[in-house]
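Participant: The residues making up each chain are set out below.
Protein chains: 2
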Amino acid sequence: MIENLFTHFPDAVAHQEAETFEALLTAPNIKIERIISTGQSTPPDTWYCQDECEWVIVLQGSAGLRFEQEAQTRILYPGDFVNIPAKCRHRVEWTDAKGPTIWLAVHYL
Amino acid sequence: MIENLFTHFPDAVAHQEAETFEALLTAPNIKIERIISTGQSTPPDTWYCQDECEWVIVLQGSAGLRFEQEAQTRILYPGDFVNIPAKCRHRVEWTDAKGPTIWLAVHYL
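Protein chains in written order, with the UniProt record's numbering: chain A, 1 to 109; chain B, 1 to 109.
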């Protein structure tokens, strides 16, 4: 079990093979997760549409987050956070290809 | 409303007058909060004992967090996180006096 958000990356991160998702806390009403991206993005023409809400902050790296109802992609740098309501269609346009982008995501009901 | 955790500090932080608490998200089951400490600690012989649970991470600075049932103070550096169950008595022994310590706290039921 990791105890520091900025260390102990999964092997997939070093090899930039895949986005990784690790639960840091799981409770009845919330799940807190570390997501590490290494250049991945949401597949073309695909939107995430979740039943639960998600509050997310980028803590390292950078990413482009697009909401269907917004014309422009939001660019997120370390410290930038966004609340994504349930059923709000969104996608990750891009993540930094030069190094890990660390997200802290709080999924809640 | 702030949108970045590492900027737009309240005036009290610059003057090291007081610890500051700002809600970043308030929902029925959770509250996400930015706490900025500038050397403050819990008053002597005082313990926090909360009805709700709290997951907390230090993102800048450092702090000493003590649980009543543990002999040693836990030293938290950026990225270190701790889950504090409801009714678990704890106190902040110290926070970095040289600069702001930024905590992200998730209070949940």
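If you are wondering where the hints come from, they were derived from the structure by calculation, not from laboratory data.
Virtual Cβ for every residue (Gly too), placed ideally from N, Cα, C.
There may be inaccurate statements among the hints.
Said to hold, decoys possible - Computed footprint of chain A on chain B, listed as stretches where at least three residues anywhere in the stretch have a Cβ under 8 Å from a Cβ of chain A:
{"id": "1", "segment": "4-13"}
{"id": "2", "segment": "41-52"}
{"id": "3", "segment": "96-108"}
Participant: Quick one: which hint numbers does this structure break? Sort them smallest to largest.
Facilitator: Per hint list: single violation, 2.
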